[in-house]
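If you're matching positions, the sequence shown starts at 14 in the working numbering and goes up one per residue.
Treat the hints as calculated values from the structure; they're not laboratory data.
Be aware that one or more of the hints could be misleading.
Unchecked claim - When the alpha-carbon atoms are kept at most 30 Å apart in a straight line, the in silico DSSO-like pairs for lysine-lysine are as follows:
1) Lys249 / Lys277
2) Lys141 / Lys61
3) Lys214 / Lys249
4) Lys391 / Lys61
5) Lys146 / Lys249
Stated by the list, open to error - Simulated restraints, written as ranges between beta carbons of each label pair:
6) Pro213 / Lys150: 36 to 46 Å
7) Glu292 / Arg48: 17 to 27 Å
8) Ser295 / Ala154: 19 to 29 Å
9) Gly376 / Gly270: 28 to 38 Å
10) Ala179 / Asp99: 39 to 49 Å
11) Ala41 / Pro336: 26 to 36 Å
12) His50 / Gln196: 25 to 35 Å
13) Ser259 / Asp158: 39 to 49 Å
14) Glu45 / Lys214: 19 to 29 Å
15) Asp158 / Ala252: 38 to 48 Å
16) Arg330 / Lys277: 17 to 27 Å
17) His50 / Ala151: 33 to 43 Å
Since we're looking at a predicted model, the values are computed, not measured.
Glycine included, every Cβ here is placed at the ideal spot set by N, Cα and C.
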Amino acid sequence: PSSQRLGGRGLGGKQDPDSGPPPPDTVARLRELVRAHGVVLVAVGDGKGTALAQRAVSEAVRGSGVRFTVIPEAGASAYSASPVADAELPHVGVAERGAVSLARRVLDPLSELVKVPPSALGVGLYQKDLKQKLLEKALAATVEDAVADVGVDVNRASAALLGAVAGLSARQAAAIRARVEEQGPFTSREELRGVPGIGPKAFENAAGFLRIAGTEAREPLDATRVHPEAYATARKELAAVGVSPSSLAAGQGLDQGAASELRKRADDRARRDPSAAAEARSLAALLADPLVAGDPRRLMAEPPALRERALTLADLRAGMRLPAAVRNVTPFGAFVDVGVGHDALLHRSRVAPEEVAGVMVVGARAEVVVEEVDLERKRVGVAMPSRAGVGGGASPKLERSDFPSGGLTGMAGGFKK
Numbered sequence: 014p015s016s017q018r019l020g021g022r023g024l025g026g027k028q029d030p031d032s033g034p035p036p037p038d039t040v041a042r043l044r045e046l047v048r049a050h051g052v053v054l055v056a057v058g059d060g061k062g063t064a065l066a067q068r069a070v071s072e073a074v075r076g077s078g079v080r081f082t083v084i085p086e087a088g089a090s091a092y093s094a095s096p097v098a099d100a101e102l103p104h105v106g107v108a109e110r111g112a113v114s115l116a117r118r119v120l121d122p123l124s125e126l127v128k129v130p131p132s133a134l135g136v137g138l139y140q141k142d143l144k145q146k147l148l149e150k151a152l153a154a155t156v157e158d159a160v161a162d163v164g165v166d167v168n169r170a171s172a173a174l175l176g177a178v179a180g181l182s183a184r185q186a187a188a189i190r191a192r193v194e195e196q197g198p199f200t201s202r203e204e205l206r207g208v209p210g211i212g213p214k215a216f217e218n219a220a221g222f223l224r225i226a227g228t229e230a231r232e233p234l235d236a237t238r239v240h241p242e243a244y245a246t247a248r249k250e251l252a253a254v255g256v257s258p259s260s261l262a263a264g265q266g267l268d269q270g271a272a273s274e275l276r277k278r279a280d281d282r283a284r285r286d287p288s289a290a291a292e293a294r295s296l297a298a299l300l301a302d303p304l305v306a307g308d309p310r311r312l313m314a315e316p317p318a319l320r321e322r323a324l325t326l327a328d329l330r331a332g333m334r335l336p337a338a339v340r341n342v343t344p345f346g347a348f349v350d351v352g353v354g355h356d357a358l359l360h361r362s363r364v365a366p367e368e369v370a371g372v373m374v375v376g377a378r379a380e381v382v383v384e385e386v387d388l389e390r391k392r393v394g395v396a397m398p399s400r401a402g403v404g405g406g407a408s409p410k411l412e413r414s415d416f417p418s419g420g421l422t423g424m425a426g427g428f429k430k
C-alpha cells in the first residue's frame with residue numbers, strides 16, 4: 014500500500030504527503046529492491062500518502078524502463094486480516110499482506126478481489142443505508158456473474174475463486190482445490206465428477222465455467238465456454254465449416270465466413286426442428302464468439318495505465334490532456350484519478366449528453382482536459398474534450414459542503430447514477 018514502510022521509514026511519516034521530495038533512504042531502498050529482484054512493474058496503492066509514494070517510485074525507477082501503476086486499495090485491509098490471508102500468507106505481516114494483495118490485483122484482479130467481502134470494496138456513498146442482507150445478496154450475484162463471464166482455470170484458481178462459480182459451494186470449491194494440490198492438475202472436465210461432493214447436478218451447473226487450459230487438457234473443448242453436454246454437436250458443426258476444436262481452444266476465432274456458415278446451419282436446423290431452434294442458434298453464437306476461449310478480459314477491459322513519472326498538482330496546466338479513471342460518481346458529476354494524488358472533478362456539465370452513460374460509471378476510463386487548477390485548495394477541474402471551453406471554459410464552482418470530510422480521495426468507491 015502507499016503507506017507501506019520500506020527501510021524502516023514510512024513514506025508518509027510526519028511529512029505532508031502532498032508536497033516535498035520523498036525520503037532519500039526510501040528511494041534508495043526502492044531502487045535496490047527493483048534491481049535485486051528484476052522488477053518490471055511496481056504497484057502503488059491509491060490510499061493515504063499515494064502522491065509521495067508515487068514520487069518515490071518515480072525517482073527510484075527513473076531511467077530504468079520500469080513503470081508503475083496505481084491500484085485501488087479498497088478492501089486490502091479487510092483481506093489482510095481475513096482467514097483467507099491467514100491461510101495464504103501465514104508468515105507475512107498484516108501490512109505486507111496488503112502490499113501482496115495490490116500486486117496480485119495487477120496480475121489477476123478477479124482472482125484477488127473475490128477474496129474481499131464486496132461491501133469492503135466501497136460500492137457507494139450510501140451503502141450503509143441499505144439493508145445489508147439485500148446488498149450482500151446483490152453484490153454476491155454481481156461477483157458470480159463476473160466470474161461466469163470470465164471463466165475459471167480450474168487448475169490454478171484458489172478456493173475463494175472457485176467458490177464464486179455458479180453451482181459450487183465453498184465446501185465443493187475447497188474439495189476441487191484439494192484434489193489439485195494432492196493429485197496434480199485435472200486433464201479433463203470429466204475428472205471433476207470424481208471429486209467428493211461433486212454430484213451430477215453440481216457438474217452440470219458448474220462445468221461450463223471451469224476450464225482446463227493449455228497443454229494440460231486432453232480435450233481441446235475443455236478450454237472453452239462450450240458445455241460438455243454440447244461437445245458432440247459442437248465438433249460436428251466445427252467440422253462442417255472447416256475449423257478444428259484445437260484452433261478454437263487456442264483463441265483463434267472463426268473468420269467471418271465460418272461464423273456466417275455456422276449461423277446459416279443453425280437456421281436450417283431450426284426450420285427442420287423448431288423445438289431445437291434456441292439450442293442450435295445459441296451454440297452457433299457461442300462458437301462464433303471471439304470470447305469463446307482464452308481470457309475474455311483481453312477484449313472486455315483495458316490493461317492498467319502504466320506510468321514512468323509522477324505528476325504533481327503544480328505540474329498541471331489548463332489545456333493539458335490526461336488519461337483519467339473514474340473513482341466515484343455523484344449526482345453532480347464524477348471524481349477522476351488523473352495521476353496527481355488528488356481526484357479531479359468532472360462536472361456533469363463538462364460531459365456531452367451522449368457521453369454520460371459511458372463515462373459516469375466507476376472504473377470507466379477517458380481522456381480529459383484540465384480546465385482549472387486550485388493549488389491552495391488542492392482541487393482540479395477537468396472536462397471531456399468535447400466540452401472543454403464550452404459555456405465559459407471552466408468547471409462549475411463547488412462549495413466546501415459539496416465535498417466529503419475526507420477530501421476528494423475520501424470518496425472511495427461509487428455507485429451508478
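Hints versus structure:
no. : hint                        : result
1   : Lys249 / Lys277             : 14 Å, holds
2   : Lys141 / Lys61              : 22 Å, holds
3   : Lys214 / Lys249             : 26 Å, holds
4   : Lys391 / Lys61              : 15 Å, holds
5   : Lys146 / Lys249             : 46 Å, violated
6   : Pro213 / Lys150: 36 to 46 Å : 27 Å, violated
7   : Glu292 / Arg48: 17 to 27 Å  : 58 Å, violated
8   : Ser295 / Ala154: 19 to 29 Å : 22 Å, holds
9   : Gly376 / Gly270: 28 to 38 Å : 36 Å, holds
10  : Ala179 / Asp99: 39 to 49 Å  : 27 Å, violated
11  : Ala41 / Pro336: 26 to 36 Å  : 30 Å, holds
12  : His50 / Gln196: 25 to 35 Å  : 33 Å, holds
13  : Ser259 / Asp158: 39 to 49 Å : 29 Å, violated
14  : Glu45 / Lys214: 19 to 29 Å  : 55 Å, violated
15  : Asp158 / Ala252: 38 to 48 Å : 33 Å, violated
16  : Arg330 / Lys277: 17 to 27 Å : 57 Å, violated
17  : His50 / Ala151: 33 to 43 Å  : 41 Å, holds
Hints 5, 6, 7, 10, 13, 14, 15, 16 from the earlier list are contradicted by this structure; the remaining hints agree with it.
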